[in-house]
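Number of protein chains: 2
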Amino acid sequence: MKITKDLYQSSLVLLTDFYQLTMAYAYWKSGKGEQEAVFNLFFRKHPFEGGFTIAAGLDYVIDFCRNFKFESADLEYLAEMKSQDGSPLFEPAFLAYLSQLQFSCDIDAVEEGTVVFPNAPLIRVKGPLIQCQLLETPLLNILNFQTLIATKAARINLAAQGDPVLEFGLRRAQGIDGALAASRAAYIGGCASTSNVMAGKLFGIPVSGTHAHSWIMSFDTELEAFKAYAEAFPDQCVFLVDTYDTLHGVKNAIKVGEMLRSKGKEMIGIRIDSGDLAYFSSQARQMLDEAGFPDAKIVASNDLDEQIISSLKTQDAAINVWGVGTKLVTAFDQPALGAVYKLSAVKNENGDWEPKVKVSQQSLKINIPGLHNVKRYYSQDKAVADMIYLEDQEIDPRGVVIIDPIDPTRRKRLMPAFYKEEILLKPIFKQGEKVYDRPSLTQIRDRASKQLEALDKTHKRLVNPHLYPVGLEENLHHLRMNLVLNAKKFEGEHEES
Amino acid sequence: MKITKDLYQSSLVLLTDFYQLTMAYAYWKSGKGEQEAVFNLFFRKHPFEGGFTIAAGLDYVIDFCRNFKFESADLEYLAEMKSQDGSPLFEPAFLAYLSQLQFSCDIDAVEEGTVVFPNAPLIRVKGPLIQCQLLETPLLNILNFQTLIATKAARINLAAQGDPVLEFGLRRAQGIDGALAASRAAYIGGCASTSNVMAGKLFGIPVSGTHAHSWIMSFDTELEAFKAYAEAFPDQCVFLVDTYDTLHGVKNAIKVGEMLRSKGKEMIGIRIDSGDLAYFSSQARQMLDEAGFPDAKIVASNDLDEQIISSLKTQDAAINVWGVGTKLVTAFDQPALGAVYKLSAVKNENGDWEPKVKVSQQSLKINIPGLHNVKRYYSQDKAVADMIYLEDQEIDPRGVVIIDPIDPTRRKRLMPAFYKEEILLKPIFKQGEKVYDRPSLTQIRDRASKQLEALDKTHKRLVNPHLYPVGLEENLHHLRMNLVLNAKKFEGEHEES
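Sequence order for the protein chains is A and B.
Sequential numbering from 1 applies to the first sequence in UniProt numbering.
Sequential numbering from 1 applies to the second sequence in UniProt numbering.
Bound-form chain A, shown alone (with noise of 0.2 Å):
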């Protein structure tokens, strides 16, 4: 896939914030454009008060990067650009620097498809300080809206209980790729089909749908509407019974069910769009059952959610497909992750990674500096733990301590030495060049899917989730203490220079 290639005409590169420019400009004036430095992407609280998020959007991403190039189009843009007193507001010099410009960063990530957790990095970009911030906003645009929906999407399958989840939320998407991303993070975190046909000639998503209201009313009658769809596919009738009256609407589709049946066709099933449908949907059940349609299908929608998937799984609803459109798509009770991207180290003049911390007023929003990576450790197919450690730190495998970075004082002691391990970040570029063999989005969905598996089910509860571990390792831990102690103190000293 190279979504962004296939899909949009022009060089995305200009898909950032203006503020990346001025820096981007200042950092070229002041001498600084081409120190490194490192900056993670994370997010600080899981979606949905929940206990698992789902990486997506790496892929993007990857492409993203690819064709990171300003254009003549977009330098011409930027030289149009005025400062107050109508000079240019860039130096020619600059821009025909930008124009030069070739993407050169280190990139590590996580893979999409895998379960990840506050705080611990989703990205690490490594490179030049003005690509590093070119990037941070497109990479925080993809990331952050595939990442909420992909995690929407997999709740929503863990409520409905491996019954097929179909995505139709294209109507109510936030714009053209709100909806194209949000069916393809949907599929990752486990829905069957989506209803948008560009989304399944894109990504090669199975699409799935078949009448709508407008369809009946367009006909003299309901019964004359499902003979006519029945006509055009004998194989693929649910027909949709709540256009006028419901239950009367399933005696019509039992009645083409069984002139579809004498031509040895079987209709899949119905839909029912509207009313209560625990009570329309157990009615319907008992009145396929008793017509010799047992195996006919109910598909539900209308403003479904995990929640009210689950209060009708508790009440025993006779539905077999849900159809999840809005509250899906546009993560309606949350609409966006919240991730963020800091800088967490700069090589100084001697060629020393220095560092960096932001401190702020809230302890919970200082990041975690240093040159750092995750693993995850597993015990027989279960995850246990993730560390956020120092790359160039030793790990000791008979014993760590990880402390959390929220709260210092709960911590764990881990024996690497007894669990399988897998390091989460994975190098996708290095110095520009992919290294990075992109999976299927098969693959990804089978990956979400295994990790999921691999997850304690109290993590997975959608209201109130035992929290998984993860924390710092312990000379990771004392870095991010010493430098917050000393930024505060050196900030003071430094008052009056």
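Errors might be hidden in some of the hints.
Note that identical chains are pooled: a pair holds if it fits in a single copy or bridges any two copies.
[Claimed, not checked] As a list, the in silico DMTMM-like pairs of lysine to aspartate or glutamate whose alpha-carbon atoms are at most 20 Å apart:
| hint | residue 1 | residue 2 |
| --- | --- | --- |
| 1 | Lys-412 | Glu-34 |
| 2 | Lys-32 | Asp-220 |
| 3 | Lys-263 | Asp-85 |
| 4 | Lys-265 | Glu-231 |
No wet-lab data here; the hints were simulated from the structure.
Keeping the supplied structure of chain A fixed, place chain B upon it in accordance with the hints.
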């Protein structure tokens, strides 16, 4: 602007729900494909518990329709789809029909920037059933989202009471176009600028932005960072003061402001992005005033929306400029508008229009039948009421009764002769030909501003607004009632057919 053409490589004709294509096929099979129909796109409830909505997105719709064409890659994709028994899902003759399909609908629509109300059409599509169906999903996708965001932006701008509102939501927006379309709609709704450079380039929206915390952190001290920024942009300095300690940051900003002044330059102001914005802005204002910078602006950001801005205003926060991101571009508290697209008439074999309703268990959900339009009556430049009426209905200038579409006991008598009137649905396409001159984005933004001025302030209250009167002209009301009663009876009569 030709956004879909400028931005997207491929035809967007497949950006639709799969069931539109299966219905198209079934219409074609049953010989109804070219039957004329009328569909209306409308919403049922203002977003955000508000009293008004601002229409936006028509320009995208115009592009979409002008590029409405099945290309060979689209048809190849459809040709590969299989039925349950492995045979092609669509007959080749149908795909040949699609390949020849020329957009030939009449489209009438409310202009962008118009204040609109529930149940009245935003757009009306009249044309062959197949085309009307295929357009349903993309029109909903485009108009639902942009209308939602323009409305949110208008609310935020009302809360800011004339202070500039800067939109910088790209990093949290839902996908690439979720950001671009949001920037456009936010500008229509009154925002002063966007941070999204690509939106600036594509739409001509002013862009703004200065620097981030990472700029500060990449230097040894905050003061050094401010100085280096001032070197690069002596005319454009808005210093972000809260990387380490907010009030200490203000002191450093003042120092660099004095240095700038000694060179004949003036700093624009400071930005505060965390902490108690009421407290810090007041403290900063006092410090800036005492240091001789009474004109330095204070920009505030950090998860702002109309409620928080209103609250800060009542606390006399010393904030001059508001930076708004996530809550605006995702419409965080209600991330989908929920507009629908309903069949309201079909032309029968005799060439007569048959009005249609979808009967529902909820009377709220019964659509308005027939070929209707909307008149807005103005008294001394204030909008007094909207009337939804059948286009071929003569309106008596001496008196007309409008009836609320939900609660028929709510009625209002109007004397059209006393008012200025505006017909809201304007011709956009006639038989597939564009007949509308697109206004510029600035003109659209002006229209939104004037439309809001024409609305009484009680309808613009952010909480518990007074309801603006919108009703069905009497004859349309009776037609609708009769159709509903008939439809319920009709289905019963045909039960055994």
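Here is what the structure says about each hint:
1. For the identical chains of this complex, Lys-412 and Glu-34 are neighbours neither inside a copy (40 Å) nor across copies (70 Å), given an alpha-carbon limit of 20 Å.
2. With identical chains, the CA atoms of Lys-32 and Asp-220 are at most 20 Å apart between copies only, with a shortest distance of 13 Å across copies and 73 Å within one.
3. Taking the shortest alpha-carbon separations for Lys-263 and Asp-85, only the inter-copy value of 14 Å comes in at or below 20 Å, while the best intra-copy value is 80 Å.
4. In this homomeric assembly, Lys-265 and Glu-231 come within 20 Å of each other (Cα to Cα) only inside a single copy, at 11 Å, whereas the closest approach across copies is 77 Å.
Of the numbered hints given earlier, the model fails hint 1 alone.
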